[in-house]
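Chemist: Here are the chains, one letter per residue:
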Amino acid sequence: MSNRTNSSETSLVSTLTESVHHLNQLIRRYDNGAALFQISTGLAMLLMLASSMGIIVFYSLLNQAPPQGAYELTFKNYEEFLTNGFYHAVLWDSLVIAVKSTVGALLLGYPVSYFLAFTNSDRKNLLLLLIILPFWINLVIRTYAWRLILGNKGVINYALVEVLGVLNSPMNHLFSQNSIVLGLLHIFLPYMILPIYVSLDRINQSHIEAARNLGANNVQAFYEVTLPQSIPGVAAGVVLSFVLGFGAFVVPLLLGGTQNLMIANTIGNTFIDLFNWSLGSAIAICVTVFVLTFVYVFNSIVGLEELYGDGGETQ
Amino acid sequence: MNGIHRLLEKLEVSDQNSRRLLRWFTYGIYVFLYAPIGIVMLLSFTESRIPSFPMKGFTFDWYLQILPPNYDTQIVNGLFTSLKIAILSSVGAGVFGTLTALGMVRGSFESRWLSQRFLNTLFLSPIVVPWVVTGIAMLTLYNLIGIQGTLFSVILGHVLITMPFVIMVVSSRLYGFDRELEDAAQNLGATELRTFYEVTLPLIMPGIIAGMLFAFTISFDNFTQTFFWVGTNTETLPIVIYSKIRTGLDPTINAIGTLVVLFSLSIALIAEKLSARIVD
Numbered sequence: 001m002s003n004r005t006n007s008s009e010t011s012l013v014s015t016l017t018e019s020v021h022h023l024n025q026l027i028r029r030y031d032n033g034a035a036l037f038q039i040s041t042g043l044a045m046l047l048m049l050a051s052s053m054g055i056i057v058f059y060s061l062l063n064q065a066p067p068q069g070a071y072e073l074t075f076k077n078y079e080e081f082l083t084n085g086f087y088h089a090v091l092w093d094s095l096v097i098a099v100k101s102t103v104g105a106l107l108l109g110y111p112v113s114y115f116l117a118f119t120n121s122d123r124k125n126l127l128l129l130l131i132i133l134p135f136w137i138n139l140v141i142r143t144y145a146w147r148l149i150l151g152n153k154g155v156i157n158y159a160l161v162e163v164l165g166v167l168n169s170p171m172n173h174l175f176s177q178n179s180i181v182l183g184l185l186h187i188f189l190p191y192m193i194l195p196i197y198v199s200l201d202r203i204n205q206s207h208i209e210a211a212r213n214l215g216a217n218n219v220q221a222f223y224e225v226t227l228p229q230s231i232p233g234v235a236a237g238v239v240l241s242f243v244l245g246f247g248a249f250v251v252p253l254l255l256g257g258t259q260n261l262m263i264a265n266t267i268g269n270t271f272i273d274l275f276n277w278s279l280g281s282a283i284a285i286c287v288t289v290f291v292l293t294f295v296y297v298f299n300s301i302v303g304l305e306e307l308y309g310d311g312g313e314t315q
Numbered sequence: 001m002n003g004i005h006r007l008l009e010k011l012e013v014s015d016q017n018s019r020r021l022l023r024w025f026t027y028g029i030y031v032f033l034y035a036p037i038g039i040v041m042l043l044s045f046t047e048s049r050i051p052s053f054p055m056k057g058f059t060f061d062w063y064l065q066i067l068p069p070n071y072d073t074q075i076v077n078g079l080f081t082s083l084k085i086a087i088l089s090s091v092g093a094g095v096f097g098t099l100t101a102l103g104m105v106r107g108s109f110e111s112r113w114l115s116q117r118f119l120n121t122l123f124l125s126p127i128v129v130p131w132v133v134t135g136i137a138m139l140t141l142y143n144l145i146g147i148q149g150t151l152f153s154v155i156l157g158h159v160l161i162t163m164p165f166v167i168m169v170v171s172s173r174l175y176g177f178d179r180e181l182e183d184a185a186q187n188l189g190a191t192e193l194r195t196f197y198e199v200t201l202p203l204i205m206p207g208i209i210a211g212m213l214f215a216f217t218i219s220f221d222n223f224t225q226t227f228f229w230v231g232t233n234t235e236t237l238p239i240v241i242y243s244k245i246r247t248g249l250d251p252t253i254n255a256i257g258t259l260v261v262l263f264s265l266s267i268a269l270i271a272e273k274l275s276a277r278i279v280d
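Residue numbers (the working numbering), protein chains in the order written: chain A, 1 to 315; chain B, 1 to 280.
In isolation and in its complexed conformation, chain B is listed as follows:
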């Protein structure tokens, strides 16, 4: 122990220099974090058929491939499938996740197996299972009950994947909830349902919406699990993008990629702003 102390004594670094070094290092990491996506966005405007460095020319051609009149059907179908699945999954996860969070936070169960702490861990456990295992396990279940490859099976799977996140967000909102507000409403004569509808629900609504937006993004962007659940007619957008990548470098990928990223980021930003109000 003393040896380390003596060594550290000699490692005096001036405050100012270390601060400056740290700051530049941090900015460097930020650049590292965002540079790859930046390059995708940049090269989506290249004129050459194969996106390479340095970039030659500037064109919107590749973006036009996604819009009518001569759009790529595979991409557009994938987009609509992904949107359908994401909307239905986020609504499902939102409703069931909120219900579960309500029961979990407010239920005063006496059994040890239904204690709040245990339930908390239990409902978040699907996150710990490796993605590929969730993918293949649910595949066997779907195969057994005959819904393998259907749109419904993908939606069901996405609800499974996203519900823990909704539960996490809504329950954290509920933990901070002042129940005296509900007591006050009931003292004034409101019934249980009316209290819930007019007092509780509006106050936890930002959390519910944030949770649903997170669920939407997770579902829309999901690849690993979905890879095992799609059939020939239920290709989602990430699956389509993946098959395009497999066939070779193609600037259309950069264009779709840019749009997908901007889309997900805007949804995520709204969700973050909504859930940030929880902290306040």
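In isolation and in its complexed conformation, chain A is listed as follows:
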């Protein structure tokens, strides 16, 4: 590099060094101030979400939203939602679907978690990875895949009609409540398997050995020792699946047909198709309150933090 440095270069360098020096001093003096500044970005994001929720609370109390000029507050949207039988039916359906898919995922997923926790296979890490990967497969494609399987020209009908000859003509499996349950439980399996695996993995094997030494058979040992200690994981999986199931949007949209919409679709329709933002807001608030209450109550009974406390190992 040449020895000749012109004056503007030197002053740029010195300004930079000076500002870095000032920054260092600032950080030193306002150690907590720096942290406050840092979390302010997170707080800003939360503020955005909170204000959007505030807006829909406000809209839910209006006759027409967004309000054009003068407005008055009214509870008529909530009345409509809570009294109209149509919404009762959709809510009940959503509840039933959420419960069925959660229970299904639990029954199918628990044995898999058990296997993963107690296996000595050296492919354990690969098997765990294979459970995590479906999380990252596009939801729309995964759900669409079920249309290929359940549809008139799909795999199941092909097997039943052509291969096994059980049916004479293809049966419609799609567009029923059970197709939604199937699609959902397929999605919930990883959400169920992972937390239960984490719980089971933590169990001290010597407890089980002790039970066997004291005369229990393997079923009794499981019931008395293993099962109770897996409850936190079961709880986490159940909460996740139920909340996602109750609020499901894509799966009923693609697999449910027009007769089997769930509450999330109703909210979407009320907003987009009916342009009724005030009613849609009211329904959305009710659903959110329900979900938050559910999570809070579940948490106080079962204490999900036990599981969360280890700071997200796998993710």
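What you were told as hints is all true, and nothing was included just to trick you.
Straight-line distance between alpha carbons at most 27 Å, and here's what the computed DSS-like set of lysine-lysine pairs gives:
no. : chain 1 : residue 1 : chain 2 : residue 2
1   : B       : Lys244    : B       : Lys56
2   : B       : Lys84     : B       : Lys244
3   : A       : Lys153    : B       : Lys244
4   : B       : Lys56     : A       : Lys153
5   : A       : Lys124    : B       : Lys273
6   : B       : Lys84     : B       : Lys273
Since the hints were derived computationally from the structure, they do not count as laboratory data. What you are looking at is a predicted structure, and each value in this text was computed from that prediction instead of being measured.
For chain A, the structure is supplied; the task is to place chain B on it using the hints.
Modeler: What follows is chain B alone, placed relative to chain A:
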């Protein structure tokens, strides 16, 4: 209680048989998990216009529909929009999420409202809000401030959705961070900024990158919230795929689907490998 004990006593299952049963059941579940996607991939090569079983023939035709010269503009536009949004959102979520995680883990606030545990729950709370509610609520906000349907609004929304995940990954990396390394650097004379840049940042970088890759995938694949934020010129790829599905079965969907899945999976694999180093 005794009744259950007596019942369970009778349910003796031989160890070997139960092990074998469990193993086959587990493999069955794995097949169940991956079969639908497998079928999508398989049928993307079918020759018939309507993907049906059994598969007739084998062709790459449907993949060619996505490439020049006669590609489907809707799909390609959707792809580029999704990529733009995903890149910008993941960078945004990465920067702001990392900053937030740093402040959250290291700030020694005295107020009860800013305790670490509370902040932890607070910053992860957006995950608990049902997706459709986030979608419509942010829609009303965008409508109010006049950015409804713009690309910026979608990017903003995606940053909102993905930031909690970045915070989660980076903060877990920070909890395990040995601050004595920073003390050592400062004892040797390094200033705060230099310590951060030369000691802290390189050590948490795998976490930051993993978080950003997760954010990218979540943004790229997102449908529910995005459904409420897109306008006529800002269709993302999942939205395009959805409208194609609505019009009917089409093997092009299988082809795009296969490519999208492979793309997301490779990104997710890299991210998992990076964040796995945190556990080590």
